[in-house]
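Please construct the entire structure, taking both the sequences and the accompanying hints into account.
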Amino acid sequence: MSKRLLMQGNTACVEGALRAGMRFFAGYPITPSTEIAELLSIKLPKVNGKFIQMEDEISSMAAIIGASLCGLKSMTATSGPGFSLKQENIGYAAMTEVPCVIVNVMRGGPSTGLPTCVSQSDVMQSRWGTHGDHPIIVIAPVTVKDIYYMTIKAFNYAEAFRVPVVLLLDEVIAHMRECVELDEEIQIVNRKRPATKESYLPYRNEDDGVPHMADFGMGYKYHVTGLVHNEKGYPTSNPDITEKLITRLHKKIEDKASEIVLFDALNITNGGDLLISYGSSARVCKEIIFNEKVRGIGLFIPYTLWPFPEEQLIKLIKDNNIRRIFVAELNTGQLLLEIRRIVGNTCRVIGINKYNGELFTPEDITKKIEEAIE
Amino acid sequence: MNREMIEKYFRKEQLPHIWCPGCGNGIALAAIVDAIDSSDLDKEKICIVSGIGCSSRASGYLNFDSIHTTHGRAIAFATGVKMANPEMNVIVITGDGDCTAIGGNHLIHACRRNIDLNVIVFNNNIYGMTGGQYSPTTPKSAKTATSRHGTVERQFDICDLSRSAGATYVARSTVYHYRHLTDMIKGAFKNKGFSIVEALTPCPVQYGRRNKLGNPPDIMKELKESVSLTDSSKIKIGVFKNESEPEYTSEYHKLVEAEVGKYE
Ligand SMILES: Cc1ncc(C[n+]2csc(CCOP(=O)(O)OP(=O)(O)O)c2C)c(N)n1
Ligand code: SF4
Numbered sequence: 341m342s343k344r345l346l347m348q349g350n351t352a353c354v355e356g357a358l359r360a361g362m363r364f365f366a367g368y369p370i371t372p373s374t375e376i377a378e379l380l381s382i383k384l385p386k387v388n389g390k391f392i393q394m395e396d397e398i399s400s401m402a403a404i405i406g407a408s409l410c411g412l413k414s415m416t417a418t419s420g421p422g423f424s425l426k427q428e429n430i431g432y433a434a435m436t437e438v439p440c441v442i443v444n445v446m447r448g449g450p451s452t453g454l455p456t457c458v459s460q461s462d463v464m465q466s467r468w469g470t471h472g473d474h475p476i477i478v479i480a481p482v483t484v485k486d487i488y489y490m491t492i493k494a495f496n497y498a499e500a501f502r503v504p505v506v507l508l509l510d511e512v513i514a515h516m517r518e519c520v521e522l523d524e525e526i527q528i529v530n531r532k533r534p535a536t537k538e539s540y541l542p543y544r545n546e547d548d549g550v551p552h553m554a555d556f557g558m559g560y561k562y563h564v565t566g567l568v569h570n571e572k573g574y575p576t577s578n579p580d581i582t583e584k585l586i587t588r589l590h591k592k593i594e595d596k597a598s599e600i601v602l603f604d605a606l607n608i609t610n611g612g613d614l615l616i617s618y619g620s621s622a623r624v625c626k627e628i629i630f631n632e633k634v635r636g637i638g639l640f641i642p643y644t645l646w647p648f649p650e651e652q653l654i655k656l657i658k659d660n661n662i663r664r665i666f667v668a669e670l671n672t673g674q675l676l677l678e679i680r681r682i683v684g685n686t687c688r689v690i691g692i693n694k695y696n697g698e699l700f701t702p703e704d705i706t707k708k709i710e711e712a713i714e
Numbered sequence: 567m568n569r570e571m572i573e574k575y576f577r578k579e580q581l582p583h584i585w586c587p588g589c590g591n592g593i594a595l596a597a598i599v600d601a602i603d604s605s606d607l608d609k610e611k612i613c614i615v616s617g618i619g620c621s622s623r624a625s626g627y628l629n630f631d632s633i634h635t636t637h638g639r640a641i642a643f644a645t646g647v648k649m650a651n652p653e654m655n656v657i658v659i660t661g662d663g664d665c666t667a668i669g670g671n672h673l674i675h676a677c678r679r680n681i682d683l684n685v686i687v688f689n690n691n692i693y694g695m696t697g698g699q700y701s702p703t704t705p706k707s708a709k710t711a712t713s714r715h716g717t718v719e720r721q722f723d724i725c726d727l728s729r730s731a732g733a734t735y736v737a738r739s740t741v742y743h744y745r746h747l748t749d750m751i752k753g754a755f756k757n758k759g760f761s762i763v764e765a766l767t768p769c770p771v772q773y774g775r776r777n778k779l780g781n782p783p784d785i786m787k788e789l790k791e792s793v794s795l796t797d798s799s800k801i802k803i804g805v806f807k808n809e810s811e812p813e814y815t816s817e818y819h820k821l822v823e824a825e826v827g828k829y830e
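Same order as they appear, the protein sequences are chains A and B.
Everything in the first sequence is counted per the working numbering, starting at 341 for the first residue and increasing by one.
Everything in the second sequence is counted per the working numbering, starting at 567 for the first residue and increasing by one.
Read the hints as simulated data drawn from the structure, not as lab findings.
Do not rely on the hints blindly, as some may be mistaken.
[Said to hold, decoys possible] With a cut-off of at most 25 Å between alpha-carbon atoms, the simulated DMTMM-like pairs for lysine to aspartate or glutamate come out as follows: (1) B:Lys611 - B:Glu579; (2) B:Lys758 - A:Asp555; (3) B:Lys807 - B:Asp797; (4) B:Lys828 - A:Asp523; (5) B:Lys800 - B:Asp784; (6) A:Lys386 - A:Glu375; (7) B:Lys787 - B:Asp797; (8) B:Lys609 - A:Asp555; (9) A:Lys386 - B:Glu817; (10) B:Lys828 - A:Glu355; (11) B:Lys828 - A:Glu525; (12) A:Lys537 - B:Asp606.
[As the list claims (entries may be wrong)] Some but not every residue of chain A turned toward chain B, in silico, with C-beta under 8 Å: (13) Glu428; (14) Asn429; (15) Gly557; (16) Lys561; (17) His563.
From a predicted model like this one, the values you see are computed outputs, not experimental measurements.
From the three backbone atoms N, C-alpha and C, an ideal C-beta is built for every residue, glycine too.
Here you go:
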């Protein structure tokens with residue numbers, strides 16, 4: 341059984357989150373994410389959930405971590421300036437391994453920038469916005485339907501790996517209305533909780549590197565700190581423990597990267613070129629591919645920007661003798677850097693960039709490709 | 567602090583604590599523990615939330631669910647905890663800098679909401695942990711690491727600030743007046759709403775030394791003499807406000823009760 345509905349991207353995010361079991365939202369209004377908070381203020385009480393409008397984005401991020409420690413799946417939503425304010429506590433969630441989802445509906449920056457215009461210029465911030473080496477998962481949907489399913493995925497990943505997950509939406513997709521088919525059968529993942537209070541170690545390295553998480557209020561009485569900590573959760577500056585902790589935090593994601601990564605490879609031709617694009621830009625690229633506006637070019641869409649489907653891309657390039665890569669994005673070249681790092685000098689990587697607050701037209705992209713081919 | 571209390575409420579393996587000899591933080595923490603012990607709070611449902619600073623290290627020593635958060639944000643984390651599980655008795659331990667400088671915005675908004683948190687501010691009039699820079703409660707003219715010629719800024723009165731922002735229980739005491747401080751904290755636990763207790767406490771190392779206040783016992787004596795329950799020429803201690811008003815999570819619960827089950 342499934343249900344077809346016409347909905348806005350931000351609504352799809354709300355519905356996906358509720359379907360995933362999200363029961364706590366804290367946020368602060370900011371265009372173009374505000375619909376998410378407004379809708380959740382109405383819908384959360386209906387499912388016995390809680391909504392709170394905090395005094396800023398810093399406290400919103402703090403509140404969702406507190407709520408998640410009490411066992412509620414928690415989320416916040418924001419845009420550029422607010423995303424910057426959340427960063428310190430996103431790092432706290434990464435260090436303390438508290439599952440949570442952060443929606444960043446991107447708008448033009450830097451600073452207040454272009455509040456109502458499309459942009460993809462928070463790609464690097466979503467990965468490296470907070471200080472220190474840390475793991476994170478970043479997902480960039482292309483359609484409204486993607487938003488629904490990938491919001492659920494975001495919660496599943498947050499719960500499975502005890503990691504903050506950033507849902508990176510483009511303003512135009514967040515505000516676009518499209519048909520979404522809502523399946524009844526959806527896999528929902530919940531954090532692993534300890535079976536017994538006996539000898540509970542809140543930060544024990546389990547087989548998969550993900551410690552079991554007890555809800556506050558259940559008598560486990562454990563400590564959570566952003567300081568480097570041992571298995572008991574207590575602060576330490578022991579070099580061995582420090583190195584083990586930081587390594588585990590990264591490995592729990594890296595080791596599972598092949599299960600986490602989401603991507604599409606369309607129309608790949610042997611000996612041809614490859615377009616790489618995500619979010620709203622990928623929609624324009626699809627149009628180019630399907631209408632054969634340029635011959636002999638395929639499209640690679642990474643949905644998880646981090647971890648990036650790195651091995652999959654390298655294999656695709658090798659298996660298909662890809663000659664050139666074009667990276668189309670609405671910024672001055674952020675994912676471009678990552679692609680260059682991944683492919684090294686196996687093929688040429690050319691950026692196609694636009695950052696004037698408008699979407700790509702197919703011609704913007706085809707022109708650049710043709711120029712390069714000549 | 568007797569042995570029984572340590573057995574009952576402390577994470578012994580975390581002791582000894584990191585505080586300097588002569589620091590008042592240990593006394594303030596002991597008063598919190600005494601207040602917990604003699605209150606009827608469900609001990610299984612206590613959550614200690616702290617920020618960053620010498621004072622905020624207290625959360626690691628007590629054997630309850632505890633969060634040592636980021637600098638200034640303890641009240642915001644605590645808001646998430648209390649909302650997610652209103653059965654929790656949430657105690658925030660914070661410093662004057664943590665609570666009224668970087669965390670000042672969260673303080674006033676939590677007061678305004680009248681959310682049922684118990685905030686105990688260890689006010690030592692200085693940023694202890696970072697080496698003695700002036701805080702929003704450093705008295706005018708006091709010497710600190712960033713005001714060698716005397717602080718130019720005026721100071722906050724934490725109690726006045728909280729009261730006017732909407733806190734429903736507001737009290738002040740000192741670590742010299744241990745019994746009184748314990749009573750003030752017990753009063754906070756009884757109030758269903760936002761409660762704040764300002765605990766004046768000496769930092770002999772970062773504040774006392776620079777201002778030539780003598781050794782820790784001298785500083786304690788001076789602390790004792792600087793306050794009074796009645797004499798208005800001194801810093802007043804006691805309960806300044808204790809009023810019953812609708813509490814945030816209870817009010818929110820009414821909304822949930824009216825709406826629950828209507829999702830389609
Ligand atoms: C965002 C951020 N800014 C600055 C610091 C550095 N810092 C740590 S503790 C502290 C001041 C603590 O002072 P207070 O809250 O009065 O506590 P005390 O140490 O005196 O108990 C500062 C500025 C930090 N940890 N995080
Ligand atoms: S620096 Fe001051 S506040 Fe910090 S532990 Fe030492 S005496 Fe106490």
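Fill in: 25 Å limit on alpha-carbon distance, applied to hinted pair Lys386 (chain A) and Glu375 (chain A)
holds, 17 Å
Worksheet entry | Satisfaction of hint between Asp606 (chain B) and Lys537 (chain A), Cα-Cα up to 25 Å | holds, 24 Å
Discussion item. For Lys611 (chain B) and Glu579 (chain B), compute the direct alpha-carbon distance and say whether it is at most 25 Å.
Written reply: Distance of about 22 Å is within 25 Å: holds.
Worksheet item: Is the Cα-Cα distance between Lys828 (chain B) and Glu525 (chain A) 25 Å or less?
Response: holds, 22 Å
Worksheet entry | Given hint Glu355 (chain A) paired with Lys828 (chain B) - CA-CA distance at most 25 Å | holds, 15 Å
Worksheet entry | Proposed proximity, Asp797 (chain B) with Lys787 (chain B) (alpha carbon, max 25 Å) | holds, 17 Å
Practice prompt. Below or equal to 25 Å on CA atoms is what counts here, so check Lys758 (chain B) against Asp555 (chain A).
Written response: Satisfied, since the Cα-Cα distance of roughly 24 Å is no more than 25 Å.
Worksheet item: Would the stated hint for Glu428 (chain A) survive a check requiring a Cβ distance to chain B of less than 8 Å?
Response: holds, 6 Å
Item to complete: Return the status of the interface hint for Gly557 (chain A): holds when the least beta-carbon distance to chain B is below 8 Å, violated otherwise.
Response: Status holds, d = 5 Å.
Worksheet item: Taking the least C-beta to C-beta distance, is Lys561 (chain A) closer than 8 Å to chain B?
Response: holds, 5 Å
Worksheet item: Taking 25 Å as the top limit, are the C-alpha atoms of Lys609 (chain B) and Asp555 (chain A) close enough?
Response: Answer holds: Lys609 (chain B) to Asp555 (chain A) is near 15 Å, not above 25 Å.
Fill in: Pair hint Lys828 (chain B) and Asp523 (chain A), alpha-carbon separation not exceeding 25 Å
The given pair, whose Cα atoms are some 21 Å apart, holds under the 25 Å limit.
When held up to the earlier numbered hints, the structure conflicts with none and fits them all.
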